[in-house]
Amino acid sequence: MDMLGMYPTFYVPQIGTAWIMGIIGTIHVVASHTSVGAAFLFALLETKAYRENKPQLMDYVKRYGMLLLVFSYIIGSVTGVGIWYSITIASPRGTAGLIHNFVWVWAAEWVYFTVEVIGVYALVYLIGKVDELTHLKLTWAFALASWATMLLILGIISFMMWPGSEVWYQTGSTNHAFYNINFFAHLGVRTGSMLVMATIVGLMVVSAMKDKSDELKKDVVRTLTPVGLIGGAVAVIMFFYYLQTLPPNAKVMLDAHLLPRYATGMIAVVAVTAVYLVVSWLKPLSLRLWITVPLFLFIGIVGVWPEERTRESMRKPYVAGQYIYGNQVIARDVPGKEIKGEVDHIAEHGLLKVHPFIPDRLRAITDENRLEVGRLLTKISCANCHALEPGAPLRNIPDKFHGATHKDLIAAFINGPLKHGAVSYMPRIDLPPEEVDAIATYLADANQRRLQGTEEDAGQSAIARPEKE
Amino acid sequence: MDIGTLMNVMRDPAGIPSHPVVFQALMIFTWIFHIAFVLMTFGTAGLAIYGFYRRDRGEYWTRLSMAMTKSAKAGVSLLIVLGVAPLLFTQVVYDPQWYTASVLSARWLVVFIFTLIIGYCSWFIFYYSNKEGARHRIGWFAFIGLGLFMLDGLIMHTLAYQSLLPEQWMNWYAPGGVVDTSGATLHGIQWSRFLFIISLSVPAAGLYLMAYADYFKSRPDRERPYLAFARQLGVKLSVVGLCSSLVLFLWWQAELWRESVLATHPVGWLLGVSMLVLLYATVRYGQRAHGYALMGAGMAVLSILAVWREIVRTHYLLPFDYDITNYPVHADWPSTALFFLTFLGVGGSVGGFFVVLLYRAGRVQGMYTADKLVSRMGTLAVVMLALWTVTFFAYGIVIWMSSVFGN
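Residue numbers (this note's numbering), protein chains in the order written: chain Z, 1 to 469; chain S, 1 to 407.
It is worth saying that the hints were derived from the structure and are not from the lab.
It cannot be assumed that every hint is accurate.
Claimed, not checked - In silico DSS-like pairs for lysine-lysine, Cα to Cα no more than 30 Å straight-line:
id : chain 1 : residue 1 : chain 2 : residue 2
1  : S       : Lys236    : S       : Lys131
2  : Z       : Lys212    : S       : Lys70
3  : Z       : Lys62     : Z       : Lys283
4  : S       : Lys131    : Z       : Lys129
5  : S       : Lys372    : Z       : Lys54
6  : Z       : Lys48     : Z       : Lys212
7  : Z       : Lys217    : Z       : Lys316
8  : Z       : Lys283    : Z       : Lys54
9  : Z       : Lys210    : S       : Lys70
10 : Z       : Lys62     : S       : Lys70
11 : S       : Lys372    : Z       : Lys129
12 : Z       : Lys62     : S       : Lys217
13 : Z       : Lys419    : Z       : Lys400
14 : Z       : Lys48     : S       : Lys372
15 : Z       : Lys212    : Z       : Lys283
16 : Z       : Lys129    : S       : Lys236
17 : S       : Lys131    : Z       : Lys62
18 : Z       : Lys129    : Z       : Lys251
19 : Z       : Lys251    : Z       : Lys54
20 : S       : Lys70     : Z       : Lys129
21 : Z       : Lys62     : Z       : Lys210
22 : Z       : Lys212    : Z       : Lys62
23 : Z       : Lys48     : Z       : Lys218
24 : S       : Lys217    : S       : Lys236
25 : S       : Lys131    : Z       : Lys212
26 : Z       : Lys316    : Z       : Lys218
27 : Z       : Lys400    : Z       : Lys251
28 : Z       : Lys218    : Z       : Lys340
29 : S       : Lys217    : S       : Lys372
30 : Z       : Lys217    : Z       : Lys62
31 : Z       : Lys251    : Z       : Lys316
32 : Z       : Lys212    : Z       : Lys54
33 : S       : Lys372    : Z       : Lys210
34 : Z       : Lys419    : Z       : Lys316
35 : Z       : Lys316    : Z       : Lys210
36 : Z       : Lys283    : Z       : Lys210
37 : Z       : Lys210    : Z       : Lys54
38 : S       : Lys131    : S       : Lys217
39 : S       : Lys372    : Z       : Lys62
Given these sequences and hints, build the entire structure.
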């Protein structure tokens with residue numbers, strides 16, 4: 001019987017690996033978008049300084065650049081690697097799929113990334129050290145290189161949502177994977193929002209400049225705020241276009257679960273930011289650090305965090321190109337790459353027989369190990385999206401079954417909608433009866449224990465036994 | 001199913017877009033630069049701390065400590081970005097090994113991210129505080145920074161080493177048949193290998209100092225006695241460091257000699273000989289030869305180390321019939337062209353412009369006015385990037401429209 005190329009499972013109780021990715025991803029998006037957006041603001045301000053002979057603007061660029069160097073580049077570059085690591089441990093097979101489809105794109109992005117890191121040092125430290133025209137070229141080159149990192153990574157991230165047509169499945173070409181239906185809309189949203197974030201941080205820097213003239217502050221604020229407003233408008237318009245490029249499963253998820261939860265906050269972020277930018281333009285000397293800093297945090301927490309969570313949730317049940325499920329199983333054939341779907345193979349032989357990382361003592365289910373096997377199978381099949389503990393914050397499964405303690409009820413769901421792939425945002429999970437029974441037994445037991453007030457996890461306590469034997 | 005067959009099954013079913021040896025060569029090549037910056041950073045960071053606590057012995061130590069703090073700060077940025085490429089290429093041809101090793105110690109990968117951020121921030125605090133008359137206690141920030149960088153190095157080493165021991169994976173994942181999904185343990189550490197590679201940061205700092213002394217020769221504000229002090233210290237560090245590294249190298253080799261093939265492999269011996277040659281060159285020509293030449297020799301040693309590291313890996317995996325040359329290839333020429341054109345075109349013109357500008361500006365006291373060559377390089381950089389961006393969009397729109405409207 002053919003084994004499948006699946007990896008061991010990493011599980012974080014309560015929050016799963018999804019939140020680890022989400023937290024690191026949100027920090028990265030805030031830091032990296034601010035950096036890329038700021039690169040364009042620098043280019044704009046420096047061009048103005050050069051054309052209008054206003055060298056004092058470069059004092060501001062230097063100060064903003066130092067802030068970026070310390071916060072954005074440290075945190076942005078480390079969390080950039082961090083996202084990669086976190087998706088690796090959460091979805092090793094999905095990450096491998098992305099790497100093997102896009103390795104050369106990623107490598108091209110690395111070229112830009114390297115150039116960008118050298119560039120930010122050059123930009124900041126060479127202000128006032130090299131002639132103005134040469135520095136201006138340096139800044140424009142830096143801005144374009146920074147944006148290129150975004151251009152290249154977004155094709156990959158958009159493909160994670162879906163390719164948007166059948167073409168890629170047939171050709172397997174990176175061209176069709178990269179320039180997917182979602183790409184340009186996504187690019188518009190990100191490019192617009194990076195300008196907004198960079199403008200807000202830019203205003204933060206202005207509000208901290210106690211030692212500079214009012215004239216300089218006014219000049220900077222009145223240059224930056226229109227960029228922020230235009231960026232915001234682009235982001236909002238492209239967001240509505242972006243919604244039209246989503247796959248059907250994402251739209252179901254969005255309408256049923258995500259918009260009801262996040263829409264109000266997102267509208268508030270847009271409204272508050274727009275008002276703040278307009279007021280700043282009208283009264284450029286009234287900027288206060290105690291307003292800009294909380295506003296930036298507000299954008300991060302109420303805007304970016306839900307955005308990242310939404311994008312991650314909408315992709316479900318897939319993690320890449322609508323052909324790899326979050327639970328590592330290949331969902332469908334991709335003839336262009338000679339990839340074969342695995343759901344039916346698992347249905348025929350059972351996960352316990354085809355998963356390489358199952359201890360021999362658990363490959364056959366017995367009365368003694370049923371709970372332990374159930375827990376392991378639940379982790380493998382479900383834990384990429386769900387926590388296992390009742391009451392846990394990450395869409396925990398026991399609560400999803402409304403605390404059901406009858407294993408037949410749970411098994412009916414697995415043998416019905418899950419087996420036939422009837423829930424658009426969940427993977428098709430088709431398992432042999434004994435494996436379904438083990439999962440149902442484990443989940444029913446978890447709910448039973450909650451009812452009894454016994455916190456200890458049965459699957460976990462069952463695990464302890466063999467060690468003692 | 002045996003673990004060897006399994007590793008081949010675990011390869012990504014999409015295959016790879018170019019011949020595996022291309023990725024292997026790029027992996028080795030890019031690792032050389034990554035490890036060079038790792039060693040430079042560790043070495044200069046250590047020297048910065050040492051200098052910080054010797055400030056009462058003379059003004060040069062203060063200046064040196066400040067300069068090395070700055071070097072280490074920039075070094076961390078570059079070692080991170082330069083580490084991306086070898087890791088990427090590793091994941092292409094050694095995906096079963098890398099992903100399994102990572103999941104088995106998954107929590108440590110998360111620890112890696114946050115300790116790197118904390119370590120880096122800590123080093124920045126030291127950088128901003130390490131001025132003349134700085135208080136002794138700010139040295140703690142440097143210790144925390146360097147300590148966390150070392151921990152991160154150890155984590156990366158562990159993942160690399162765990163990748164080589166597939167026969168252990170199941171024991172680590174399910175000790176006694178009980179599955180552990182916590183990823184909470186660093187399972188495989190080969191101290192001889194880790195300490196040998198890390199020890200090279202001492203001679204790396206020495207070679208860096210010699211190059212540093214030559215770089216600033218043209219600056220009137222850098223006095224000759226200070227540069228001579230730096231150079232002399234560089235020679236001393238290189239000699240002491242290389243001797244220590246040679247001992248640790250022999251320890252690592254002795255462990256490798258258990259594998260009979262590796263005991264007689266010429267590249268292993270070549271690495272040892274190259275270190276001896278570098279030691280001789282430093283002792284003999286350390287005060288006379290150009291610092292850049294000696295640094296180049298150091299890079300040659302690291303190149304041999306990179307090749308040796310890959311030979312060791314292939315020998316660990318060959319008994320399991322894991323051979324990257326039979327990785328299925330689905331050639332993808334457009335994306336291959338994208339990388340190589342970007343690497344040569346953008347990397348060469350834009351990266352070249354930035355580096356040359358930084359290099360030349362740094363050698364001049366006061367304002368640097370670009371000469372014709374640098375000025376043209378700047379123009380070329382902007383033009384190349386504009387061209388790249390226009391091509392990216394024009395090409396993309398054609399593909400996008402054919403996918404969307406062609407169906």
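To see whether the hints hold, each was checked on the structure:
no., hint, in the structure
1, Lys236/S <-> Lys131/S, "holds (26 Å)"
2, Lys212/Z <-> Lys70/S, "holds (27 Å)"
3, Lys62/Z <-> Lys283/Z, "holds (24 Å)"
4, Lys131/S <-> Lys129/Z, "holds (22 Å)"
5, Lys372/S <-> Lys54/Z, "holds (25 Å)"
6, Lys48/Z <-> Lys212/Z, "holds (18 Å)"
7, Lys217/Z <-> Lys316/Z, "violated (46 Å)"
8, Lys283/Z <-> Lys54/Z, "holds (22 Å)"
9, Lys210/Z <-> Lys70/S, "holds (27 Å)"
10, Lys62/Z <-> Lys70/S, "holds (18 Å)"
11, Lys372/S <-> Lys129/Z, "holds (17 Å)"
12, Lys62/Z <-> Lys217/S, "holds (28 Å)"
13, Lys419/Z <-> Lys400/Z, "holds (17 Å)"
14, Lys48/Z <-> Lys372/S, "holds (24 Å)"
15, Lys212/Z <-> Lys283/Z, "holds (17 Å)"
16, Lys129/Z <-> Lys236/S, "violated (34 Å)"
17, Lys131/S <-> Lys62/Z, "holds (21 Å)"
18, Lys129/Z <-> Lys251/Z, "violated (53 Å)"
19, Lys251/Z <-> Lys54/Z, "violated (50 Å)"
20, Lys70/S <-> Lys129/Z, "holds (18 Å)"
21, Lys62/Z <-> Lys210/Z, "holds (15 Å)"
22, Lys212/Z <-> Lys62/Z, "holds (13 Å)"
23, Lys48/Z <-> Lys218/Z, "holds (14 Å)"
24, Lys217/S <-> Lys236/S, "holds (20 Å)"
25, Lys131/S <-> Lys212/Z, "holds (25 Å)"
26, Lys316/Z <-> Lys218/Z, "violated (47 Å)"
27, Lys400/Z <-> Lys251/Z, "holds (20 Å)"
28, Lys218/Z <-> Lys340/Z, "violated (61 Å)"
29, Lys217/S <-> Lys372/S, "holds (24 Å)"
30, Lys217/Z <-> Lys62/Z, "holds (14 Å)"
31, Lys251/Z <-> Lys316/Z, "holds (11 Å)"
32, Lys212/Z <-> Lys54/Z, "holds (14 Å)"
33, Lys372/S <-> Lys210/Z, "violated (40 Å)"
34, Lys419/Z <-> Lys316/Z, "holds (16 Å)"
35, Lys316/Z <-> Lys210/Z, "violated (49 Å)"
36, Lys283/Z <-> Lys210/Z, "holds (16 Å)"
37, Lys210/Z <-> Lys54/Z, "holds (19 Å)"
38, Lys131/S <-> Lys217/S, "holds (23 Å)"
39, Lys372/S <-> Lys62/Z, "holds (26 Å)"
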